[in-house]
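**Q** Sequence:
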Amino acid sequence: MTIDIIDLTDPQYSDLSPVQLSMVRVAQTKKDKILSVAEEDKAEMFQMLVSNHFERSTAYNFYAKQVDDEAAAQVDILREDLLLQLAYESLGSEGDENGPYRYPQNPNYNLSYSERFLVVRNYYMEATDDPNARLQAYGMDTLARSYLGEFYQTLYDLLASYC
Numbered sequence: 001m002t003i004d005i006i007d008l009t010d011p012q013y014s015d016l017s018p019v020q021l022s023m024v025r026v027a028q029t030k031k032d033k034i035l036s037v038a039e040e041d042k043a044e045m046f047q048m049l050v051s052n053h054f055e056r057s058t059a060y061n062f063y064a065k066q067v068d069d070e071a072a073a074q075v076d077i078l079r080e081d082l083l084l085q086l087a088y089e090s091l092g093s094e095g096d097e098n099g100p101y102r103y104p105q106n107p108n109y110n111l112s113y114s115e116r117f118l119v120v121r122n123y124y125m126e127a128t129d130d131p132n133a134r135l136q137a138y139g140m141d142t143l144a145r146s147y148l149g150e151f152y153q154t155l156y157d158l159l160a161s162y163c
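The numbering of the sequence shown is the working numbering, which starts it at 1 and goes up by one.
Calculated directly from the structure, the hints in this document are not laboratory data.
Accuracy of the hints is not assured; some may be wrong.
Quick list of the computed label-pair ranges, beta carbon to beta carbon [claimed, not checked]:
(1) L49 - D69: 46 to 52 Å
(2) E150 - Q47: 45 to 51 Å
(3) T29 - D129: 32 to 38 Å
(4) Q153 - V26: 38 to 44 Å
(5) S161 - V50: 53 to 59 Å
(6) K33 - A64: 15 to 21 Å
(7) S51 - T9: 45 to 51 Å
Within a straight-line C-alpha distance of at most 20 Å, the following computed PhoX-like cross-link-like pairs (lysine-lysine) qualify [unchecked claim]:
(8) K31 - K65
(9) K31 - K42
(10) K42 - K65
If you're wondering where the values come from, they're calculated on a predicted model, not measured in any experiment.
Here a beta-carbon is modelled for each residue, glycine too, at the ideal position from N, C-alpha and C.
With the hints as extra help, turn the sequences into a complete structure.
**A** Right, dumping it as structure tokens:
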């Protein structure tokens with residue numbers, strides 16, 4: 001996927017959190033959908049003009065410009081919304097009154113359960129290279145049971161598959 005909804009350098013992209021990267025990907029997907037629908041609309045209009053022998057009419061140029069302008073306006077709204085979401089997320093992702101978010105010392109309850117799953121999985125994958133010790137430590141983690149909810153068993157099965 002080519003990401004061109006916002007212009008960021010490689011270091012700026014690497015500084016984005018997984019939640020922010022997800023926001024960028026979703027916005028890029030929406031942008032691509034808006035542009036593809038616009039292209040389909042223009043193609044349908046051109047086919048209709050061709051079938052009625054008006055392919056040399058300037059009506060298509062006016063219609064194409066109108067569709068392109070509407071698509072550009074929708075993309076601009078989407079871009080501005082993404083930038084606001086990224087700014088808001090960066091404020092909330094740094095931490096709270098207990099310090100920076102870090103599992104298990106100060107878990108971020110603002111994340112969705114799938115994002116929490118990734119945070120806990122990364123924590124245990126980085127904690128040790130021994131899969132048996134990793135599974136045993138995870139099995140004794142009482143915070144993970146409440147923090148992950150239904151994803152607890154999924155992560156347990158994943159970590160068990162490495163043994």
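**Q** Indicate, hint by hint, whether the structure satisfies it.
**A** Here's how the hints hold up against the structure:
no. : hint                   : in the structure
1   : L49 - D69: 46 to 52 Å  : 19 Å, violated
2   : E150 - Q47: 45 to 51 Å : 49 Å, holds
3   : T29 - D129: 32 to 38 Å : 36 Å, holds
4   : Q153 - V26: 38 to 44 Å : 27 Å, violated
5   : S161 - V50: 53 to 59 Å : 57 Å, holds
6   : K33 - A64: 15 to 21 Å  : 19 Å, holds
7   : S51 - T9: 45 to 51 Å   : 48 Å, holds
8   : K31 - K65              : 18 Å, holds
9   : K31 - K42              : 17 Å, holds
10  : K42 - K65              : 9 Å, holds
In this structure, the hints that do not hold are numbers 1 and 4, in rising order.
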